[in-house]
Amino acid sequence: MSTREMREPTFLILTALAKGRHHGYSLLTETKKLSGGRVSLKPGSLYTTLDRLQEEGLVQDAGEEVVAGRLRRYYALTDDGADALNREADRMVAAAAAARQSLRIRTKGALA
Numbered sequence: 001m002s003t004r005e006m007r008e009p010t011f012l013i014l015t016a017l018a019k020g021r022h023h024g025y026s027l028l029t030e031t032k033k034l035s036g037g038r039v040s041l042k043p044g045s046l047y048t049t050l051d052r053l054q055e056e057g058l059v060q061d062a063g064e065e066v067v068a069g070r071l072r073r074y075y076a077l078t079d080d081g082a083d084a085l086n087r088e089a090d091r092m093v094a095a096a097a098a099a100r101q102s103l104r105i106r107t108k109g110a111l112a
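At position 95 of the sequence shown (counting the first as 1) the number is 95 in UniProt numbering, and the numbers step up by one without a gap.
Some clues are possibly wrong.
[Said to hold, decoys possible] Once the Cα atoms are required to be at most 27 Å apart in a straight line, the calculated BS3-like pairs of lysine-lysine come out as:
#1 LYS42 <-> LYS32
#2 LYS19 <-> LYS42
#3 LYS19 <-> LYS33
#4 LYS32 <-> LYS19
Calculated from the structure, these hints are not laboratory results. For clarity, every value in this text was computed on a predicted model and none was experimentally measured.
Kindly produce the complete structure, drawing on both the sequences and the hints.
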């Protein structure tokens with residue numbers, strides 16, 4: 001994966017998969033839950049993203065099963081995917097710390 005920042009849906013999908021394997025519908029509900037309802041992926045967007053993440057080696061197939069007559073394909077995070085997620089989480093923490101620092105400076109300047 002490149003060193004550019006991740007889009008939020010990608011971050012949420014990888015975050016969901018960090019907890020363990022998921023099938024598509026489960027990823028749709030988990031990403032919505034993780035985002036507090038802000039991100040609601042459409043199935044087409046999810047599967048396009050999963051295909052890209054598989055090509056990048058961040059996600060892999062983790063089996064299939066038939067449930068209630070429907071095929072469920074499962075996905076899992078790879079070690080490279082976990083590394084990419086960890087790097088992005090670190091980047092986000094650093095960016096948030098910089099923002100907090102700037103806000104503290106702004107607040108001190110307003111009081112002067």
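Given the hinted pair LYS32 and LYS19, is their alpha-carbon gap at most 27 Å?
-> holds (15 Å)
If you draw a straight line from the CA of LYS19 to the CA of LYS33, is it 27 Å or shorter?
-> holds (14 Å)
Hey, LYS42 versus LYS32, does the alpha-carbon distance stay inside 27 Å?
-> Between LYS42 and LYS32 the Cα gap is close to 11 Å, so the pair holds against 27 Å.
Is LYS19 within 27 Å of LYS42, Cα to Cα?
-> Given that 27 Å is the threshold and the Cα spacing comes to 21 Å, the pair holds.
In summary, this structure violates none of the numbered hints.
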